[in-house]
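Enquirer: Sequence:
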Amino acid sequence: VSVGVHCNQNRIPEIVIDGREMLQSLRASVDRHHLDSLFPTLGHLCGTKSDGLRPLLLGLEDWDLTRDDLKAFCAAFGTTGTSPLIFISGHSPEATDS
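2 is the number of the first residue of the sequence shown in our numbering; add one for each residue after it.
Because the hints were derived from the structure by calculation, they are not lab data.
From a predicted model like this one, the values you see are computed outputs, not experimental measurements.
From the three backbone atoms N, C-alpha and C, an ideal C-beta is built for every residue, glycine too.
Among the hints, erroneous ones may be present.
As the list claims (entries may be wrong) - What follows is a set of in silico ranges between Cβ atoms, one per label pair, in the way DEER data are often shown:
#	residue 1	residue 2	range
1	E95	R28	22 to 32 Å
2	L71	R21	14 to 24 Å
3	L36	Q10	34 to 44 Å
4	H35	N11	33 to 43 Å
5	S38	E62	31 to 41 Å
6	S30	S3	42 to 52 Å
7	S38	Q10	14 to 24 Å
All chains should be modelled from the sequences, with the hints used to inform the complete structure.
Expert: And the structure:
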């Protein structure tokens, strides 16, 4: 028996966090190697803003995220958020068509 986020109907975003404008601006003005603090900060922000809902983050679709980027993001999200998962558009399997 599947329950919680193991059920397909519970793997649907409930809130959209639109970071496209901010992330596009950062990408254009800051060298990628100087963005070490971006992913933990972004994870913290998404965890705080999602308020227990399953969020979909927009804005990282064209970014080449590393495992370390995702680990830092998810660690901060898990620390501040109460949602069991997050969808990152262009990177999460369920969010690749967003």
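Enquirer: Work down the list of hints and note, for each, if the structure agrees.
Expert: Hint check:
no.: 1; hint: E95 / R28: 22 to 32 Å; in the structure: holds (24 Å)
no.: 2; hint: L71 / R21: 14 to 24 Å; in the structure: holds (19 Å)
no.: 3; hint: L36 / Q10: 34 to 44 Å; in the structure: holds (36 Å)
no.: 4; hint: H35 / N11: 33 to 43 Å; in the structure: holds (38 Å)
no.: 5; hint: S38 / E62: 31 to 41 Å; in the structure: violated (21 Å)
no.: 6; hint: S30 / S3: 42 to 52 Å; in the structure: holds (45 Å)
no.: 7; hint: S38 / Q10: 14 to 24 Å; in the structure: violated (36 Å)
In the structure shown, a violation is registered for the earlier hints numbered 5 and 7, in ascending order.
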